[in-house]
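For the sequence shown, my numbering assigns the number 817 to the initial residue and increments by one for each residue that follows.
Keep in mind the hints are simulated off the structure, nothing from the lab.
Treat the hints with care, since some could be wrong.
Stated by the list, open to error - Quick list of simulated restraints, FRET-style, between CB atoms:
| no. | residue 1 | residue 2 | range |
| --- | --- | --- | --- |
| 1 | A818 | R1175 | 22 to 32 Å |
| 2 | G1236 | V968 | 18 to 28 Å |
| 3 | S1220 | E1075 | 25 to 35 Å |
| 4 | D856 | K995 | 36 to 46 Å |
Note that CB positions come from ideal geometry on N, CA and C, so glycine has one too.
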Amino acid sequence: MANVWSSKITFEKGELHLAGLSAKSLGREFGTPTFFLDEDDFRARATSWGSALTESFGAAAGSVYYAGKAFICTEVLRWVAQSGIGLDVCTGGELAVALAADFPVSKIQVHGNNKSVAEIRRAVEVGVGTIVVDSLIEIERIAEAAAAAKKVQAVLLRLTPGIEAHTHESIATAHEDVKFGFSIASGAAWQAVVAVRQHPEIELRGFHGHIGSQILSMDAFGIAADRLIEFLSLYRDEFGYELPELDLGGGYGISYLPEDEPLLPAQVLPALHRAVTTACAKYSLELPRISIEPGRAIVGPAMFTLYEVGTTKEVLLESGKTRNYISVDGGMSDNIRTSLYGAEYTTVIANRTSTAKVRESRVVGKHCETGDIVIRDIDLPEDLVPGDLLAVPATGAYGRSMASNYNHVPRPPVVAVKNGQARVIVRRETEADLLALDM
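Take these sequences, add in the hints, and give me the full structure.
Rendered as structure tokens:
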């Protein structure tokens, strides 16, 4: 199971340790549920993606963009800035966190399919490096904001190349029937090109494509690169010059289960380089400046969630077998992905060794909802009892970001751990926080 844990996780006499601190000591100090973030692992992943892009593309290397939507807070954005990579945000709230962290605004890329007038105006005023355009209406909004600020705003057009990525429908984003981008096949992409060229306040730098998330094969990325580069060549043929930038998105998969094989920088970037150089030669183009967005691949594996078992219950199934229901003190309020689209996780007893026989089990949360499931099917030792600790790996992406206050449960804290020291970087919510908005 080594591939599902961050690099500073060890097991000593059956007990999980992060950077020298035991699960029991972390649980006592910070309570449960809590997200624990391996700081060294996070920094190493951010740096490795940046280095791999530079090594593969050299002078044609653009930027690696960290996905703010995966997990964002001011302290983590300081680490991202120190690693030298950029930041992708998709709401005014994410931009506000970046500004509070003094993140370099020139390295910020703004995404989103429904950017408000206020969000666009603020992005232009603070000087973000790039806005990724997602609709014709946004073109007008960006032009108005740039004119008011007396600026020329750099943009990319988000295109849908018509690739069916092998992923869940909710996170596959480049086939035609989705809310994102301009379709190449339907002609919407060319309509956007014509529209953006009407505005001197906007500088079209190139195109952006993203085919989905949690993809574990490179095959679809090569096809997408070819279609985007072909579109760059059509632009060149029509207007007589080449656009300088191409963002190939990301969505590289991580290991949630022991059998998952993640896509690593050393695999991804050489494969992308081969695909891009082949397509550029095919269409007689110079290599554009290539950017990527690793998405969950930086923070996802760097974090785990620690829960405490509250109750166990044997349930008789229609088959005549029994299943052990293990209830923990969190659930769909801190990890909605299992309930939302069937995401799969694994877990271990974090506080001790068990030699007991394993049995069919289901890990569930404490919420008043039948679908409140953390892990639907897993074999766990039959001697689990209240007070045991369960650690669920690979929860850095979208766990805390998608957390809610369902049933008025306070959201868990995020604790960074490094060199035997642990510190809170996002505090646990309190009942006072839950009541703070009531009038």
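Results of checking the hints against the structure:
1. A818 <-> R1175: 22 to 32 Å: Since A818 and R1175 have Cβ atoms about 25 Å apart, the given range 22 to 32 Å holds.
2. G1236 <-> V968: 18 to 28 Å: violated (50 Å)
3. S1220 <-> E1075: 25 to 35 Å: holds (30 Å)
4. D856 <-> K995: 36 to 46 Å: Holds, at about 38 Å.
Checked against the numbered hints above, the structure violates only hint 2.
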